[in-house]
Amino acid sequence: MHTHSTASDGTLSPTAVLDRAALLELDVIALTDHDTFAGLDEAQIAASRVGVSLVEGVELSCMWSGNGDPVRLHLLGYLMDRDDPALAEGLRRVRDDRVPRLQRMTERLAADGIEITWDQVAAVAGSSSVGRPHLADALIATGAVADREEAFDRYLHQGTPYYVPHAAFEVLDAIRLVIGTGGVTVFAHPLARSRGRTVPDEAIEQMTDAGLAGLEVDHRDHSAEDRAHLRGLAARLDLLTTGSSDYHGTGKKDNELGENLTAPDQWERLQATATPPGARRPRV
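Going by numbering that gives the first Met the number 0, the first residue of the sequence shown is number 0, and it counts up by one from there.
Hints are not guaranteed to be accurate.
[To be verified] Here are the computed lysine to any residue pairs in the SDA-like style, where the Cα-Cα straight-line distance is at most 25 Å:
1) Lys-251 to Ser-222
2) Lys-251 to Gly-195
3) Lys-251 to Arg-192
4) Lys-251 to Arg-19
5) Lys-251 to Arg-219
6) Lys-251 to Phe-151
7) Lys-251 to Gly-125
8) Lys-251 to Ala-140
9) Lys-251 to Gln-102
10) Lys-251 to Thr-10
11) Lys-251 to Ser-52
12) Lys-251 to Asp-225
13) Lys-251 to Gly-142
14) Lys-251 to Val-98
15) Lys-251 to Glu-148
16) Lys-251 to Thr-14
17) Lys-251 to Leu-11
18) Lys-251 to Arg-153
19) Lys-251 to Ser-193
20) Lys-251 to Asp-118
21) Lys-251 to Asp-96
22) Lys-251 to Ala-191
23) Lys-251 to Val-70
24) Lys-251 to Glu-114
25) Lys-251 to Ala-37
26) Lys-251 to Val-27
27) Lys-251 to Asp-26
28) Lys-251 to Leu-23
29) Lys-251 to Asp-152
30) Lys-251 to His-156
31) Lys-251 to Arg-196
32) Lys-251 to Thr-141
33) Lys-251 to Met-62
34) Lys-251 to Arg-226
35) Lys-251 to Val-163
36) Lys-251 to Arg-71
37) Lys-251 to Ala-262
No lab work stands behind these hints, which were simulated from the structure alone.
With the sequences and hints as input, model every part of the structure.
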(Lines of atoms letter the chains of each structure in order from A; the text may use other names.)
(Lines give C-alpha, C1' and ligand atoms only; values in the text may rest on other atoms or scores of the structure.)
Protein backbone atom coordinates (compact mmCIF):
# COMPACT_ATOMS: atom_id res chain seq x y z
CA MET A 0 0.00 0.00 0.00
CA HIS A 1 3.02 2.32 -0.28
CA THR A 2 5.43 2.11 -3.22
CA HIS A 3 7.48 4.51 -5.32
CA SER A 4 8.66 4.44 -8.92
CA THR A 5 10.89 6.55 -11.16
CA ALA A 6 7.98 9.01 -11.37
CA SER A 7 9.37 10.24 -8.04
CA ASP A 8 12.31 8.78 -6.12
CA GLY A 9 12.06 5.05 -6.75
CA THR A 10 14.64 3.26 -8.89
CA LEU A 11 12.19 1.04 -10.82
CA SER A 12 9.75 2.16 -13.49
CA PRO A 13 6.02 1.78 -12.74
CA THR A 14 6.01 -1.25 -15.04
CA ALA A 15 8.93 -2.83 -13.19
CA VAL A 16 7.22 -2.24 -9.81
CA LEU A 17 4.16 -4.15 -11.03
CA ASP A 18 6.32 -6.89 -12.51
CA ARG A 19 8.02 -7.24 -9.12
CA ALA A 20 4.64 -7.40 -7.37
CA ALA A 21 3.51 -10.21 -9.70
CA LEU A 22 6.76 -12.11 -9.14
CA LEU A 23 6.16 -11.93 -5.38
CA GLU A 24 2.53 -13.06 -5.86
CA LEU A 25 1.01 -9.95 -4.29
CA ASP A 26 -2.71 -9.41 -4.84
CA VAL A 27 -2.94 -5.63 -4.44
CA ILE A 28 -0.39 -2.82 -4.41
CA ALA A 29 -0.66 0.96 -4.35
CA LEU A 30 1.63 3.24 -6.33
CA THR A 31 2.10 6.35 -4.19
CA ASP A 32 4.77 8.54 -5.76
CA HIS A 33 5.60 11.82 -4.09
CA ASP A 34 3.20 14.62 -5.05
CA THR A 35 2.54 13.22 -8.52
CA PHE A 36 0.25 10.92 -10.47
CA ALA A 37 2.72 10.72 -13.36
CA GLY A 38 3.35 6.98 -13.08
CA LEU A 39 -0.24 5.79 -12.75
CA ASP A 40 -1.20 5.41 -16.41
CA GLU A 41 1.83 3.22 -17.09
CA ALA A 42 1.20 1.29 -13.87
CA GLN A 43 -2.42 0.59 -14.82
CA ILE A 44 -1.35 -0.92 -18.14
CA ALA A 45 1.22 -3.11 -16.38
CA ALA A 46 -1.27 -4.11 -13.68
CA SER A 47 -3.75 -5.34 -16.30
CA ARG A 48 -1.01 -7.34 -17.97
CA VAL A 49 0.31 -9.08 -14.84
CA GLY A 50 -3.01 -9.52 -13.01
CA VAL A 51 -2.23 -7.43 -9.92
CA SER A 52 -4.85 -5.00 -8.61
CA LEU A 53 -3.46 -1.46 -8.59
CA VAL A 54 -4.59 1.15 -6.09
CA GLU A 55 -4.10 4.62 -7.52
CA GLY A 56 -2.41 6.72 -4.89
CA VAL A 57 -0.07 9.56 -4.04
CA GLU A 58 2.15 10.52 -1.10
CA LEU A 59 1.49 14.13 -0.19
CA SER A 60 4.16 16.34 1.38
CA CYS A 61 2.48 17.97 4.37
CA MET A 62 3.07 19.87 7.58
CA TRP A 63 1.23 20.12 10.88
CA SER A 64 1.33 23.52 12.55
CA GLY A 65 -1.04 22.87 15.41
CA ASN A 66 1.39 23.86 18.17
CA GLY A 67 2.95 26.76 16.26
CA ASP A 68 6.11 24.76 15.48
CA PRO A 69 5.54 23.08 12.07
CA VAL A 70 6.37 19.40 11.77
CA ARG A 71 6.85 17.79 8.35
CA LEU A 72 4.87 14.63 7.64
CA HIS A 73 3.54 12.54 4.77
CA LEU A 74 -0.04 11.67 3.94
CA LEU A 75 -1.03 8.77 1.69
CA GLY A 76 -4.04 9.43 -0.54
CA TYR A 77 -5.86 6.54 -2.21
CA LEU A 78 -8.68 6.15 -4.73
CA MET A 79 -9.10 9.88 -5.31
CA ASP A 80 -10.15 11.64 -8.50
CA ARG A 81 -6.79 12.56 -9.98
CA ASP A 82 -8.46 14.89 -12.47
CA ASP A 83 -9.81 17.08 -9.69
CA PRO A 84 -8.58 20.63 -10.46
CA ALA A 85 -8.03 21.69 -6.85
CA LEU A 86 -5.95 18.62 -6.07
CA ALA A 87 -4.01 18.96 -9.32
CA GLU A 88 -3.19 22.59 -8.56
CA GLY A 89 -2.04 21.78 -5.03
CA LEU A 90 0.25 19.03 -6.29
CA ARG A 91 1.65 21.33 -9.00
CA ARG A 92 2.47 23.99 -6.41
CA VAL A 93 4.35 21.52 -4.23
CA ARG A 94 6.22 19.97 -7.20
CA ASP A 95 7.21 23.36 -8.58
CA ASP A 96 9.02 24.15 -5.33
CA ARG A 97 11.09 20.97 -5.43
CA VAL A 98 13.58 22.20 -8.04
CA PRO A 99 14.54 25.50 -6.35
CA ARG A 100 14.71 23.66 -3.02
CA LEU A 101 17.17 21.09 -4.41
CA GLN A 102 19.13 23.85 -6.12
CA ARG A 103 19.56 25.65 -2.79
CA MET A 104 20.67 22.46 -1.08
CA THR A 105 23.17 21.80 -3.86
CA GLU A 106 24.54 25.34 -3.52
CA ARG A 107 24.97 24.92 0.24
CA LEU A 108 26.86 21.67 -0.24
CA ALA A 109 29.12 23.21 -2.90
CA ALA A 110 29.80 26.27 -0.75
CA ASP A 111 31.06 23.93 1.97
CA GLY A 112 33.59 22.32 -0.35
CA ILE A 113 31.60 19.31 -1.51
CA GLU A 114 32.08 18.89 -5.26
CA ILE A 115 28.53 18.84 -6.60
CA THR A 116 26.66 20.94 -9.17
CA TRP A 117 23.01 21.35 -10.04
CA ASP A 118 23.70 20.03 -13.54
CA GLN A 119 24.91 16.77 -11.99
CA VAL A 120 21.77 16.52 -9.86
CA ALA A 121 19.48 17.29 -12.80
CA ALA A 122 21.27 14.67 -14.90
CA VAL A 123 20.46 11.87 -12.47
CA ALA A 124 16.94 13.03 -11.55
CA GLY A 125 14.89 13.01 -14.73
CA SER A 126 11.64 12.59 -12.80
CA SER A 127 8.51 14.67 -12.49
CA SER A 128 8.94 14.99 -8.72
CA VAL A 129 12.58 15.52 -7.80
CA GLY A 130 13.70 15.12 -4.21
CA ARG A 131 16.60 14.55 -1.86
CA PRO A 132 17.17 10.96 -3.08
CA HIS A 133 18.15 12.38 -6.46
CA LEU A 134 20.67 14.69 -4.78
CA ALA A 135 21.92 11.62 -2.91
CA ASP A 136 22.34 9.77 -6.20
CA ALA A 137 24.36 12.67 -7.60
CA LEU A 138 26.61 12.58 -4.53
CA ILE A 139 27.08 8.85 -5.10
CA ALA A 140 27.97 9.48 -8.75
CA THR A 141 30.64 12.01 -7.76
CA GLY A 142 32.14 9.65 -5.16
CA ALA A 143 31.23 11.86 -2.20
CA VAL A 144 29.25 9.04 -0.55
CA ALA A 145 28.82 5.31 -1.05
CA ASP A 146 25.02 5.09 -1.01
CA ARG A 147 21.80 6.96 -0.26
CA GLU A 148 21.93 5.99 3.40
CA GLU A 149 25.32 7.65 3.86
CA ALA A 150 24.18 10.71 1.89
CA PHE A 151 21.19 11.22 4.19
CA ASP A 152 23.16 10.48 7.36
CA ARG A 153 25.94 12.94 6.50
CA TYR A 154 24.35 15.66 4.42
CA LEU A 155 20.63 15.52 3.70
CA HIS A 156 18.61 14.95 6.86
CA GLN A 157 16.71 17.79 8.50
CA GLY A 158 19.36 18.41 11.14
CA THR A 159 22.15 19.31 8.71
CA PRO A 160 23.04 22.88 7.61
CA TYR A 161 22.38 21.84 4.01
CA TYR A 162 18.72 20.96 4.49
CA VAL A 163 16.12 23.26 2.94
CA PRO A 164 12.36 22.69 3.47
CA HIS A 165 10.00 22.87 0.52
CA ALA A 166 6.38 23.82 -0.02
CA ALA A 167 3.89 21.48 1.60
CA PHE A 168 0.18 21.10 2.20
CA GLU A 169 -1.22 21.91 5.61
CA VAL A 170 -2.17 18.38 6.57
CA LEU A 171 -5.74 19.14 7.64
CA ASP A 172 -6.33 20.92 4.32
CA ALA A 173 -4.80 17.99 2.44
CA ILE A 174 -7.09 15.50 4.17
CA ARG A 175 -10.16 17.54 3.27
CA LEU A 176 -8.88 18.00 -0.28
CA VAL A 177 -8.47 14.26 -0.88
CA ILE A 178 -11.83 13.48 0.73
CA GLY A 179 -13.41 16.11 -1.52
CA THR A 180 -12.33 14.07 -4.54
CA GLY A 181 -13.84 10.89 -3.08
CA GLY A 182 -10.51 9.56 -1.82
CA VAL A 183 -9.19 8.09 1.42
CA THR A 184 -6.25 9.29 3.53
CA VAL A 185 -3.80 7.31 5.67
CA PHE A 186 -1.02 8.87 7.76
CA ALA A 187 2.31 7.50 6.48
CA HIS A 188 4.88 6.19 9.01
CA PRO A 189 3.57 8.39 11.89
CA LEU A 190 6.32 7.41 14.36
CA ALA A 191 9.34 7.22 12.03
CA ARG A 192 11.59 9.19 14.38
CA SER A 193 14.71 8.43 12.38
CA ARG A 194 13.35 10.78 9.69
CA GLY A 195 12.98 13.75 12.05
CA ARG A 196 10.43 15.01 14.53
CA THR A 197 7.07 13.26 14.73
CA VAL A 198 3.71 14.73 15.69
CA PRO A 199 1.95 14.04 19.01
CA ASP A 200 -1.24 12.02 19.34
CA GLU A 201 -3.04 15.35 19.57
CA ALA A 202 -2.21 15.97 15.91
CA ILE A 203 -3.57 12.57 14.89
CA GLU A 204 -6.76 13.35 16.79
CA GLN A 205 -7.08 16.61 14.85
CA MET A 206 -6.41 14.78 11.60
CA THR A 207 -9.11 12.24 12.50
CA ASP A 208 -11.59 15.05 13.11
CA ALA A 209 -10.73 16.36 9.62
CA GLY A 210 -11.49 12.97 8.07
CA LEU A 211 -8.30 10.89 8.30
CA ALA A 212 -9.22 7.26 7.67
CA GLY A 213 -6.19 5.33 8.85
CA LEU A 214 -2.67 4.92 10.17
CA GLU A 215 0.24 3.13 8.52
CA VAL A 216 1.21 0.90 11.43
CA ASP A 217 3.44 -1.88 10.12
CA HIS A 218 6.43 -0.07 8.66
CA ARG A 219 10.15 -0.76 8.81
CA ASP A 220 10.78 2.50 10.72
CA HIS A 221 8.38 1.54 13.54
CA SER A 222 9.53 -0.47 16.54
CA ALA A 223 7.32 -3.12 18.12
CA GLU A 224 6.39 -0.59 20.80
CA ASP A 225 5.50 2.00 18.15
CA ARG A 226 3.26 -0.48 16.37
CA ALA A 227 1.49 -1.42 19.57
CA HIS A 228 0.91 2.24 20.41
CA LEU A 229 -0.43 3.00 16.93
CA ARG A 230 -2.78 0.00 17.00
CA GLY A 231 -4.16 1.17 20.31
CA LEU A 232 -4.56 4.71 19.01
CA ALA A 233 -6.26 3.44 15.85
CA ALA A 234 -8.68 1.38 17.92
CA ARG A 235 -9.49 4.38 20.15
CA LEU A 236 -10.04 6.70 17.18
CA ASP A 237 -11.74 4.07 14.99
CA LEU A 238 -9.08 4.29 12.28
CA LEU A 239 -8.15 1.52 9.86
CA THR A 240 -4.56 0.25 9.84
CA THR A 241 -2.22 -0.57 6.96
CA GLY A 242 1.17 -2.17 6.46
CA SER A 243 3.72 -1.24 3.83
CA SER A 244 7.23 -1.65 2.56
CA ASP A 245 7.60 2.00 1.47
CA TYR A 246 9.27 0.39 -1.52
CA HIS A 247 11.82 2.40 -3.54
CA GLY A 248 13.48 -0.39 -5.53
CA THR A 249 17.18 -0.25 -4.69
CA GLY A 250 16.73 3.29 -3.35
CA LYS A 251 16.29 2.03 0.21
CA LYS A 252 18.48 -0.74 1.54
CA ASP A 253 16.78 -4.07 2.16
CA ASN A 254 13.19 -2.77 1.80
CA GLU A 255 11.43 -5.56 -0.09
CA LEU A 256 8.10 -5.08 -1.79
CA GLY A 257 5.44 -6.60 0.44
CA GLU A 258 7.60 -6.96 3.54
CA ASN A 259 4.67 -5.53 5.55
CA LEU A 260 1.18 -6.40 4.38
CA THR A 261 -2.27 -4.91 4.93
CA ALA A 262 -4.93 -7.24 6.31
CA PRO A 263 -7.74 -8.02 3.82
CA ASP A 264 -10.42 -6.68 6.16
CA GLN A 265 -8.56 -3.36 6.44
CA TRP A 266 -8.23 -3.15 2.64
CA GLU A 267 -11.97 -3.80 2.33
CA ARG A 268 -12.64 -1.08 4.88
CA LEU A 269 -10.42 1.34 2.96
CA GLN A 270 -12.33 0.62 -0.26
CA ALA A 271 -15.65 1.09 1.52
CA THR A 272 -14.51 4.48 2.83
CA ALA A 273 -13.93 5.87 -0.67
CA THR A 274 -16.83 7.80 -2.18
CA PRO A 275 -18.01 6.76 -5.67
CA PRO A 276 -18.15 9.67 -8.16
CA GLY A 277 -21.95 9.74 -8.29
CA ALA A 278 -22.25 9.97 -4.51
CA ARG A 279 -19.85 12.87 -3.96
CA ARG A 280 -21.20 16.09 -2.56
CA PRO A 281 -20.30 19.29 -4.40
CA ARG A 282 -17.59 21.48 -2.89
CA VAL A 283 -18.78 24.38 -0.74
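Hint-by-hint comparison with the structure:
{"no.": "1", "hint": "Lys-251 to Ser-222", "result": "18 Å, holds"}
{"no.": "2", "hint": "Lys-251 to Gly-195", "result": "17 Å, holds"}
{"no.": "3", "hint": "Lys-251 to Arg-192", "result": "17 Å, holds"}
{"no.": "4", "hint": "Lys-251 to Arg-19", "result": "16 Å, holds"}
{"no.": "5", "hint": "Lys-251 to Arg-219", "result": "11 Å, holds"}
{"no.": "6", "hint": "Lys-251 to Phe-151", "result": "11 Å, holds"}
{"no.": "7", "hint": "Lys-251 to Gly-125", "result": "19 Å, holds"}
{"no.": "8", "hint": "Lys-251 to Ala-140", "result": "16 Å, holds"}
{"no.": "9", "hint": "Lys-251 to Gln-102", "result": "23 Å, holds"}
{"no.": "10", "hint": "Lys-251 to Thr-10", "result": "9 Å, holds"}
{"no.": "11", "hint": "Lys-251 to Ser-52", "result": "24 Å, holds"}
{"no.": "12", "hint": "Lys-251 to Asp-225", "result": "21 Å, holds"}
{"no.": "13", "hint": "Lys-251 to Gly-142", "result": "18 Å, holds"}
{"no.": "14", "hint": "Lys-251 to Val-98", "result": "22 Å, holds"}
{"no.": "15", "hint": "Lys-251 to Glu-148", "result": "8 Å, holds"}
{"no.": "16", "hint": "Lys-251 to Thr-14", "result": "19 Å, holds"}
{"no.": "17", "hint": "Lys-251 to Leu-11", "result": "12 Å, holds"}
{"no.": "18", "hint": "Lys-251 to Arg-153", "result": "16 Å, holds"}
{"no.": "19", "hint": "Lys-251 to Ser-193", "result": "14 Å, holds"}
{"no.": "20", "hint": "Lys-251 to Asp-118", "result": "24 Å, holds"}
{"no.": "21", "hint": "Lys-251 to Asp-96", "result": "24 Å, holds"}
{"no.": "22", "hint": "Lys-251 to Ala-191", "result": "15 Å, holds"}
{"no.": "23", "hint": "Lys-251 to Val-70", "result": "23 Å, holds"}
{"no.": "24", "hint": "Lys-251 to Glu-114", "result": "24 Å, holds"}
{"no.": "25", "hint": "Lys-251 to Ala-37", "result": "21 Å, holds"}
{"no.": "26", "hint": "Lys-251 to Val-27", "result": "21 Å, holds"}
{"no.": "27", "hint": "Lys-251 to Asp-26", "result": "23 Å, holds"}
{"no.": "28", "hint": "Lys-251 to Leu-23", "result": "18 Å, holds"}
{"no.": "29", "hint": "Lys-251 to Asp-152", "result": "13 Å, holds"}
{"no.": "30", "hint": "Lys-251 to His-156", "result": "15 Å, holds"}
{"no.": "31", "hint": "Lys-251 to Arg-196", "result": "20 Å, holds"}
{"no.": "32", "hint": "Lys-251 to Thr-141", "result": "19 Å, holds"}
{"no.": "33", "hint": "Lys-251 to Met-62", "result": "23 Å, holds"}
{"no.": "34", "hint": "Lys-251 to Arg-226", "result": "21 Å, holds"}
{"no.": "35", "hint": "Lys-251 to Val-163", "result": "21 Å, holds"}
{"no.": "36", "hint": "Lys-251 to Arg-71", "result": "20 Å, holds"}
{"no.": "37", "hint": "Lys-251 to Ala-262", "result": "24 Å, holds"}
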